[in-house]
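J.: Protein sequences, first through last, are from chains A and B. Under the numbering used here, the residue at position 90 of the first sequence is numbered 994, and the numbers go up by one with no gaps. Under the numbering used here, the residue at position 201 of the second sequence is numbered 630, and the numbers go up by one with no gaps.
Mixed in with the good hints there might be a few duds.
[Unchecked claim] Cross-link-like lysine-lysine pairs, in silico, PhoX-like; alpha carbons within 20 Å at most:
(1) Lys713/B with Lys959/A
(2) Lys624/B with Lys713/B
(3) Lys611/B with Lys970/A
[Said to hold, decoys possible] Quick look at which bits of chain A chain B covers, simulated, 3 or more residues with Cβ under 8 Å:
(4) 913-924
(5) 968-980
Everything labelled a hint here was simulated from the structure, so no lab data went into it. For glycine and all other residues, C-beta sits at the position ideal for the given N, C-alpha and C.
Okay, here's what each chain looks like letter by letter:
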Amino acid sequence: MKHTVSILVENKPGVLTRVSSLFSRRGFNIHSLAVGTTESPGVSRMTVVVDLPDKPLEHVTKQLHKLINVLKVIELEPGSSVVRELMLIKVHAESATRGQVFELAEVFRANIVDVTSDSVTAEILGPPDKLAAFEDLVRPFGIIELVKTGRIALGRGTRGISDRQLRAAV
Amino acid sequence: MTGAQALMRALEAVGTTTIFGIPGGTILPAYDPLLDSPIRHILCRHEQGAAHAADGYAQASGRVGVCMATSGPGVTNLVTGLASAYMDSVPVVAVSGQVTRAAIGGDAFQECDATGITLPVTKHNWLVMDPGEIAQTIAEAFHVASTGRPGPVLVDIPKDVLQARFPYAEAGPVNLPGYQPKVKPNLRQIKEAAKLILASERPVIYAGGGIIKAGAAEDLRRLAELAGIHVVTTLMARGAIPDAHPLCLGMPGMHGNYTAVSALQRSDLLIALGPRFDDRVTGKLAAFAPVAKVIHADIDPAEISKNRHADVPIVGDAKLVIQELIAVLEAELATRPMPDYSAWTGQLTDWRTQFPYRYHQPEGGLIKPQYVIERLGQITDGNAIYASGVGQHQMWGSQFINFRRPRTWINSGGLGAMGFGVPAAMGAKVAMPGDEVWCIDGDGCFQMTCQELATMAYEKIPVKIAIVNNGYLGMVRQWQELFYAERYSEVKFGWDIPDYVRLAEAYGCVGLRAESVDDVDAVIEKARGIDDRPVVIDFRCDPFENCYPMVAAGASNDDIIMGPEFERDHERVHEPQGDMLYDPEPPEEDA
Ligand SMILES: Cc1ncc(C[n+]2csc(CCOP(=O)(O)OP(=O)(O)O)c2C)c(N)n1
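Same shape as in the complex, but just chain A (with noise of 0.2 Å):
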């Protein structure tokens, strides 16, 4: 089962070595891992996604607790929480097919950002089931490459990662 977990931690050198090395070392599966500062200066925020098989997540937030420069751990249910993912796509279009990935776009609110006689290129933002709707419709026409920047994610309402009620859910 896939998990969205969010981590805060000390801006310092190798951090994200730490909490990687630590998901391969004891055998969790980073399916994503996005990367980024806080509102809060001297710390960053990581959002995992994490594929845990057979085992509880506590596992996993156990682990991340023990390291020295992890201040926070939440998971994220994906029903209390906002989740986007950031998706760059080529795919293969000429004249006559042209039109026809513009208007996906369109229905997708996708931004055409580079187009050649031959090639679109997509940037399309959102869930992840957005982002695979669009792929899905838009791989009979080729895709050439994509990117995609990992999962972020924040809870909805008020709440903030360091509020105690939060902390408990985990």
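Following the hints, complete the assembly by docking chain B with the ligand onto the known chain A.
T.: Structure of chain B with the ligand alone, referenced to chain A:
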């Protein structure tokens, strides 16, 4: 002052009295102010020795062990020692030199990514890029190593940071927001635990290394006596309750005794205090203690329910956990009696009399390794500190010595690193100079780190080393015998190469040898009388003796193999005969 002077001052400030190490280019600046420091540096012959010595020092004393090495090969040689300390939760601080800041990342001479290479085997590590951070980092390093679940850490310092001049400031208070070990247990869980104990019929205390680390041995004994519950002590917890105590069942696990293994297996309540449900103890996990409820107390929340679900999880320091549990139980016992465990106790007593550890020492035959270890334990009366290598001799050591005190059985339990014994014994003796220190070693293990004999002879560290010389990588030979149809592939060393007596003497130690049963007591006594240098005893033992009982790797604890002494009622299965007899002759010269 210089960064190097700051390093020494910071080490002194946190109470360092001894460092095990070897100098080299990048750590060289740190060796200079050492001359003006009260810290004793012990110049080892191999960095692995330095790391294991720091480990032995810490296990024997409970204080932080410190080792130091140069960059590149110095650090890579530390890795095994750090990994061993990591698996056994031993507080060790390693300080390493690094190439200059400008050279980092350029594949400079003797550069290696020390923090990267030790990442999986340390609790935390630091690369100090500013001399002003040395003192604070050392303070943090000692704090992290010794608190919560203890463990090794590494502080890597570039050479130019050690050389830089800067105004020194003492370390401030340690403030690590992401590191807040929880030591005080939750009272509600303690009450839950007491409830389970009072409702149980066949409880067993499963004591692990955490008891010794927490200094909770005395509390453990009080709890056991208050509740009348028997205690098994894992390899890392031997001595946590004296073996002579009527409630002590000894070691469970792969080579544990029948009673300890079966007590866990049949119990209806495991009171797990500081163990980690290692597979060497549980055997096949799915078949481990199938009907038991589990109370699991550990300072590390990640250990709880990692391998076996805990019905009552308790996060906290073992000493506090036990003290609170005693308080709650005592309050309960004011209103009601302890449950009647007599049927269970009777069962345990029956097993104990029926299935003790057994071996047979034939008269005039080759020396049995168990005999050597049993005599050593008896002659020293369980009053020494015993460090061990890894293999059959280690298991026999745990089986046949009657431990009296915690911190007297020093092992590489989790990593199982051959070569641990000699340097760990050295570290233990340095930490506890008033104690008699023995290393019980295998001939294979001994050869991995025996160069530390030179260190000990030179530094006058009078450790006694008992080599249980069976001429084989015995534990591996045993597996080949049992699981590979006696096809002995690459496990024979022979008794004679090296000549351990002459090797000991070459290193400035006393070398002794026992070739028959009659020699055993005499050489042990003789070694005990020598206190001005190390002593090495070559006990030439039966190469084909196996370690029993045994639960095969991955098998259920229910399938414990008792061994030939039980199966054939004292008839020997492996009485060496004819061609099977191990050949004690040295190989032909000049083939
Ligand atoms: C560094 C290392 N290499 C290999 C092993 C695998 N191993 C475990 S026990 C053993 C044999 C040990 O032989 P010896 O020291 O002679 O002790 P004995 O079992 O004969 O008592 C080996 C090779 C190990 N534990 N550590």
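J.: For each hint, tell me whether it holds in the structure or not.
T.: Now the hints, each set against the structure:
{"no.": "1", "hint": "Lys713/B with Lys959/A", "in the structure": "holds (18 Å)"}
{"no.": "2", "hint": "Lys624/B with Lys713/B", "in the structure": "violated (29 Å)"}
{"no.": "3", "hint": "Lys611/B with Lys970/A", "in the structure": "holds (11 Å)"}
{"no.": "4", "hint": "913-924", "in the structure": "holds (count 6)"}
{"no.": "5", "hint": "968-980", "in the structure": "holds (count 7)"}
Consistency note: the structure conflicts with earlier hint 2 alone.
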